[in-house]
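Using the sequences and the accompanying hints, generate a full structural model.
Number of protein chains: 2
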Amino acid sequence: MSVKSNPFRATLAKMHPYVPGEQPQGGKFIKLNTNENPYPAPPAVTAAIISAAQAGLQRYPDPTASSFRRQAAETLGLPGPDWILAGNGSDEILTILVRAMVGEGERLRLPYPSYILYRTLADIQGADWEQTEFDKDWKLPAAFGEASSDGEQKLRLAFLPNPNSPSGTVLTPDEVLEIAERLPCPLVVDEAYADFAETNCLKLVEQNENIFITRTLSKSYALAGLRFGFVIAQPHRIAELGKIKDSYNCDALSIAAATAAVGSSEWLADNVQKIKATRRRMEQKLTEIGFKVTPSQANFVWCQHPHKSHKEMYEQLKKSQILVRYMDFPEWGDGLRISVGTDDQVDACLMLLAQM
Amino acid sequence: MSVKSNPFRATLAKMHPYVPGEQPQGGKFIKLNTNENPYPAPPAVTAAIISAAQAGLQRYPDPTASSFRRQAAETLGLPGPDWILAGNGSDEILTILVRAMVGEGERLRLPYPSYILYRTLADIQGADWEQTEFDKDWKLPAAFGEASSDGEQKLRLAFLPNPNSPSGTVLTPDEVLEIAERLPCPLVVDEAYADFAETNCLKLVEQNENIFITRTLSKSYALAGLRFGFVIAQPHRIAELGKIKDSYNCDALSIAAATAAVGSSEWLADNVQKIKATRRRMEQKLTEIGFKVTPSQANFVWCQHPHKSHKEMYEQLKKSQILVRYMDFPEWGDGLRISVGTDDQVDACLMLLAQM
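Sequence lines, in order, name chains A and B.
Quick note, the first sequence lines up with residues 1 to 356 if you use the UniProt record's numbering.
Quick note, the second sequence lines up with residues 1 to 356 if you use the UniProt record's numbering.
What the hints contain is simulated information worked out from the structure, not anything from laboratory work.
Every residue, glycine too, gets a C-beta built ideally from N, C-alpha and C.
Among these hints, one or two may not hold up.
What the hints assert, rightly or not - Label pairs and their calculated CB-CB ranges:
no.	chain 1	residue 1	chain 2	residue 2	range
1	A	Asp270	B	Ala239	37 to 45 Å
2	B	Asp328	A	Ala239	23 to 31 Å
3	A	Ala47	B	Gln207	22 to 30 Å
Shown next, in the form of structure tokens:
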């Protein structure tokens, strides 16, 4: 075929585009399907946005989001702002990591079931991916930290969502460090949900130059609409990643908003407290209804019913304007991933599930 | 070297990162170096941002920026919204185009001197690039539309900034169509500055499925701080590009702001009128001072002095808190690219230049 009749790279024809959860733009859905925070963002965020908008947007933004990086380094207790690269959502951060380290014909590794987007990012690069299946208790087999079984040097990057989705389970920092040390390549620890967990791996980046930790403001800071994420790693690694990003990848409004958000530590503590309390209630009630519930350290709960159809429950809930995530992992199984909403939202969902 | 001692793709070590114009975050600089609009964005933009911020940002934004695409299609007279893909600045759009069409070891083409970023995007992909030099009157030799001289099929994409930077010159739509028809690959017409020009190539996308037109709100809509750009092409091409973008690449605030901006047609006409009037004054006065001035159809003016040092003039202006862009194109020459500011800003710059 000529370049002009199909100008796209062969990898695009083969790939399966990532399909995010439904985002109805109208209607009155109770949205418990994409792990958004049900509460509004810290009040300082709105004020920062209005102030930035009124100051005018005719100039290019700060290319490296310095104000955000300074505040985040302070909030998280990092050695300095140069341990952070900010991006247009952690999606962009994950994209930058793959583009920086995984070339055509090379390979990335991920656990399964986990975040399918990593596979899509490999597909776009024309790279391969391989999966290590969690065991039935969501422990990760030792194979995840080993060289590829075919002995080739193609493995370039491993992704570990921690807490994982859909399970909400975590590996301890000790377990993560042990994996990073054994792996023949760098490890990205995707901590999108870490603010809802009992532990995180922030301290590991100081011990290991091949650990990259990604964070997002979408979940714990209630800013999914803002698109702001970042990666934490040693400064020489951050500098190299900076070559890949667009010059002005974060806009002036989101930099101002993100800076205000990460400065709102009290708000965060309160919000996480509320989410955790509701999560406990969800776990109890789902168990009472008859679900097998995986104890969660994230802002969602993964549950499977021993004999009812997950797909049908999802569809019945949708008819009642309640969206949860039906997830089917081929050769593994299916279930429902239900985001932690407000108490009222969660009660409405649980009441209907109890009647099914 | 082991993957762990240097985990980055070989192409990163070799590449020259793109260096954007200086963006001092403090101080009282008169900024005439990165072609920002000196006037604030349309008033409807601020109102739209405040309203979106107050509505809350806890939910994910519309993945395809539908409201923007509907309004832009109407404003630009396109057949429909599915002829548009929106992105986080036209930088992201250019990145998507390269990732979609140019693989490792393949090649893109650009004119010279023009926008150096295209080369960086090829470098990041591990791809090659080749340049066709403008002649001394900024006409583009026929070679730009021909197959590569080595006869290989590696050429996958050609970029044509129109108006060009640093020259501000344009090719007519007829000339562009003729190039697109001769080229063995698709043509991206980068129309970042087209609102300041007498012609544009919008109509060509309906005639040719291999023409992609990119636009930005950074220049004519005074929204460099917002990061919003888009590409216009036939719907089957747009659909394929959509596989590459991050799921939520535009945030809720920028979608609201961009929708309000492209609906502000009267504002745009007024703003462009002002810029053009100031541009005419700049061209006249720079000529009087002794510069050779290239007639511009953009919001900047390219000028070269027959015997004074451009670098020294740039440095002297900077000492007086006026930033212009000193550009040195190896094996071609150097000069000053001065953005069209307000009349007062431009007068301050011209006064100093006249004294040098």
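Hints and how they fare:
Taking 37 to 45 Å as the suggested C-beta distance range, the pair Asp270(A) and Ala239(B) conforms, at roughly 44 Å. Between Asp328(B) and Ala239(A) the beta carbons are some 25 Å apart, a value that agrees with the proposed interval 23 to 31 Å. Restraint check, Ala47(A) to Gln207(B): a C-beta distance of roughly 49 Å breaks the suggested window 22 to 30 Å.
This entry does not satisfy hint 3, going by the numbered hints stated previously; all others are met.
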